[in-house]
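Engineer: For reference, the chains in residue letters:
Number of protein chains: 2
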Amino acid sequence: MRPLILALCLLGTGLPQTVLAAEPAPGVPAATNIPGVAYPRLLPDNRVVFRVKAPEAQRVQFRIYQTFDAVKDAEGFWTVTTEPQVPGFHYYWLVIDGVAVNDPGSETFYGTGKQTSGLEIPEPGDAGAYYQSQDVPHGEVRERWYHSKVTQGPRRFFLYTPPGYDQNRDARYPVLYLQHGGGEDERAWPIQGRVAQIMDNLIAAGQAKPMLIVMERGYAVKPGEAEVPFGPGANANLSPAEMQARTIARFGTFEQVLLQDVIPLVDANYRTIADREHRAIAGFSMGGGQAFMIGLRQPGLFASIGGLSGTGGTIADPATYYGGVFADAAKFNASTKLLFLGHGGAEPERMMTGFHGFHARLTELGIKHAYYVSEGTGHVWLTERRNLREFTTRLFR
Amino acid sequence: MRPLILALCLLGTGLPQTVLAAEPAPGVPAATNIPGVAYPRLLPDNRVVFRVKAPEAQRVQFRIYQTFDAVKDAEGFWTVTTEPQVPGFHYYWLVIDGVAVNDPGSETFYGTGKQTSGLEIPEPGDAGAYYQSQDVPHGEVRERWYHSKVTQGPRRFFLYTPPGYDQNRDARYPVLYLQHGGGEDERAWPIQGRVAQIMDNLIAAGQAKPMLIVMERGYAVKPGEAEVPFGPGANANLSPAEMQARTIARFGTFEQVLLQDVIPLVDANYRTIADREHRAIAGFSMGGGQAFMIGLRQPGLFASIGGLSGTGGTIADPATYYGGVFADAAKFNASTKLLFLGHGGAEPERMMTGFHGFHARLTELGIKHAYYVSEGTGHVWLTERRNLREFTTRLFR
Chain A
79 MRPLILALCL LGTGLPQTVL AAEPAPGVPA ATNIPGVAYP RLLPDNRVVF RVKAPEAQRV
139 QFRIYQTFDA VKDAEGFWTV TTEPQVPGFH YYWLVIDGVA VNDPGSETFY GTGKQTSGLE
199 IPEPGDAGAY YQSQDVPHGE VRERWYHSKV TQGPRRFFLY TPPGYDQNRD ARYPVLYLQH
259 GGGEDERAWP IQGRVAQIMD NLIAAGQAKP MLIVMERGYA VKPGEAEVPF GPGANANLSP
319 AEMQARTIAR FGTFEQVLLQ DVIPLVDANY RTIADREHRA IAGFSMGGGQ AFMIGLRQPG
379 LFASIGGLSG TGGTIADPAT YYGGVFADAA KFNASTKLLF LGHGGAEPER MMTGFHGFHA
439 RLTELGIKHA YYVSEGTGHV WLTERRNLRE FTTRLFR
Chain B
79 MRPLILALCL LGTGLPQTVL AAEPAPGVPA ATNIPGVAYP RLLPDNRVVF RVKAPEAQRV
139 QFRIYQTFDA VKDAEGFWTV TTEPQVPGFH YYWLVIDGVA VNDPGSETFY GTGKQTSGLE
199 IPEPGDAGAY YQSQDVPHGE VRERWYHSKV TQGPRRFFLY TPPGYDQNRD ARYPVLYLQH
259 GGGEDERAWP IQGRVAQIMD NLIAAGQAKP MLIVMERGYA VKPGEAEVPF GPGANANLSP
319 AEMQARTIAR FGTFEQVLLQ DVIPLVDANY RTIADREHRA IAGFSMGGGQ AFMIGLRQPG
379 LFASIGGLSG TGGTIADPAT YYGGVFADAA KFNASTKLLF LGHGGAEPER MMTGFHGFHA
439 RLTELGIKHA YYVSEGTGHV WLTERRNLRE FTTRLFR
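Listed in order, the protein sequences are those of chains A and B. Counted the way our numbering counts, the first sequence spans residues 79 to 475. Counted the way our numbering counts, the second sequence spans residues 79 to 475.
A hint or two may mislead.
Derived lysine-lysine pairs resembling BS3-like cross-links, with alpha carbons at most 27 Å apart [unchecked claim]:
{"hint": "1", "chain 1": "B", "residue 1": "K409", "chain 2": "A", "residue 2": "K150"}
{"hint": "2", "chain 1": "B", "residue 1": "K227", "chain 2": "B", "residue 2": "K287"}
{"hint": "3", "chain 1": "A", "residue 1": "K300", "chain 2": "A", "residue 2": "K287"}
{"hint": "4", "chain 1": "B", "residue 1": "K131", "chain 2": "A", "residue 2": "K131"}
{"hint": "5", "chain 1": "A", "residue 1": "K287", "chain 2": "A", "residue 2": "K415"}
{"hint": "6", "chain 1": "A", "residue 1": "K287", "chain 2": "A", "residue 2": "K227"}
{"hint": "7", "chain 1": "A", "residue 1": "K131", "chain 2": "B", "residue 2": "K150"}
These are calculated hints, taken from the structure and not from any lab test.
Using the sequences plus the hints, can you model the full thing?
Structural biologist: Structure, rendered in structure tokens:
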């Protein structure tokens, strides 16, 4: 009888998928590669070397903001070196004969409406240490399924609990509800956003208060309910008032899930401080729009709101904007603990126009808010990791 | 100023990626599809319709055990209908001009050494209800990072905690250490294996004891340590004694991680019953080999062992097999709470030979063990979900 374990290991052993050539390849494998996989490789100047074996393909490209044509060698490997990339996390694609797919050498990340390859370009020096796993006390990210009374089906959220949550059995904690961007889902903040690493490090350094962070799925429809058309096409030519109504229609069911399912479940099952002063809502991009919509409509629930590369849209007439919440600035400022707006300094022009306009309008109306710009970064996860750091270090103070 | 949210939604809104044609397509989207994506579709007889748009490709195939050639239509969509598939979870690939990649319409699952498309074929009737999320009390799956003293770097495990763990503040629980198969990692049991759904349902029905389940990464190397060559090629022609030595060399560092890092961390941070009677180790395939290796070498730590489509290899001379642990059957039986071997009835022939041989040898030596066969299933996750159910319903009794 042959040793069974021979057969049991047929599926693979975690060994490298791409064998290095005798000549050492330049650069280092990206941290986002499958462990042991040699490509993509990062060069010291942040150029990226992509490679894939595709002897029968007619054309192979790699797409990371721009599309780079790869060149085929005699063994059928296609290789290309990109321009230098900005540090941080980027989605990218392998394009084989015109079809954009994942690079088999990369981990995948749910973004852009599907599972997508991702590339982490390290920041210089220790700039990125705050989102790396360090030898500090560690909290947990908990995956929690529940039966939604609103959608009448299973849903889940992720919950960050800080170090010591299980040991400090009488401690109670404030709660941040933190939403992902469009085309992403409830996995984005724990994975691309590195919530646990950032919070563990900030809490260990005494820079953030220990808090719970709930990361829900920002999409919800009731049985038989159609999704409200939304996005650049559907929203074109709407007035600010029509746009606000469309936003509420689009995200109203999600708001109900949060109010009727999630917040009661969290307050009943975890040691929260269940009052408005200790409850915040924030989000990235589309999630920022949700945070302003829900936070401003529910001032009895939330005393703090964060827009992370996302705003509350156009404030045309303060008397009608979300029930007139900004009409009396003194009253709003007195009852609000933190209003935060942060964005990258190099986001696309339409977004920059929106951030600058929202910031200017808040200032003009006398609405107190913290404002942060991440220099040199776009509408990407490095901006949001920094936004999360800047927001949470100011939160629940 | 244009409403900012227009721009913020550019990344996508979670709407369907593939628009249905006017003629309704037959079948239903697979549960493993990206939400809203129409293909792959399942027909009532478990044939699968795959489709992808690739107007420039020369050849498109879909690979699910066999490779099926797709046919291109005038709009550049390639479509193929497979033979009927066995119920359960299957890895599959889109093959574009010879390159096996992920289907953009599918969720991805870490298996076969990379992120891979997956397809869930439902079982008839309620046969699969035990691994669906039901309206029952829910436990959690916790992601926990830690700094390993053995590998001197960050590692993580997933931990299932049963419903009520946070509320029943004085309850203590037995612990199962549960390992993935080769080419998979610590995400496989929570995702492909549906550990939380299975345990929530079994516990709600009173069929399994509430327990903690730790799911670690089955690979570990120390700084500077080379991985021991392993697998069908490297292991060829080894004697049983040499094979056992190779197994210990290959997985010895992982065993140290478990013994020096993980078990102490779990017993210090969670409300375990920290004795051998309340600690078990089990695994799928390669993980089953690890479970027998570690469980049989550490009888002071583990009183129960489960081989889920995995065995302890060839028992040639009981006097030398893992320190002679099976040499005195009466002694082993008296000190062991549960030895379990389960496998599919339709696994590949070499594996079946191994399972039957291990089962026969245990029987011949008088080693008491529970034995389960999942009729009609192969070396796949449906077998392992059933194995987990059969193992955990017998465990800690």
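Engineer: Decide, hint by hint, whether the structure agrees.
Structural biologist: To see whether the hints hold, each was checked on the structure:
Taking the CA atoms of B/K409 and A/K150, the gap is near 64 Å; set against the 27 Å cutoff, the hint is violated. A hinted pair counts as satisfied when its Cα atoms are at most 27 Å apart, and B/K227 with B/K287 does not qualify at roughly 32 Å. Proximity of A/K300 to A/K287 is assessed by CA-CA distance (about 36 Å); at most 27 Å being required, the pair is judged violated. Distance hint between B/K131 and A/K131 is fulfilled; the C-alpha atoms sit about 22 Å from each other, no more than 27 Å.
Straight-line distance between C-alpha atoms of A/K287 and A/K415 comes to about 15 Å, which keeps the hinted pair within the 27 Å bound. Annotation: proposed proximity of A/K287 to A/K227 is violated, straight-line Cα distance about 32 Å (limit 27 Å). Pair hint A/K131 plus B/K150 holds up; C-alpha atoms about 24 Å apart against a cutoff of 27 Å.
In this structure, the hints that do not hold are numbers 1, 2, 3 and 6, in rising order.
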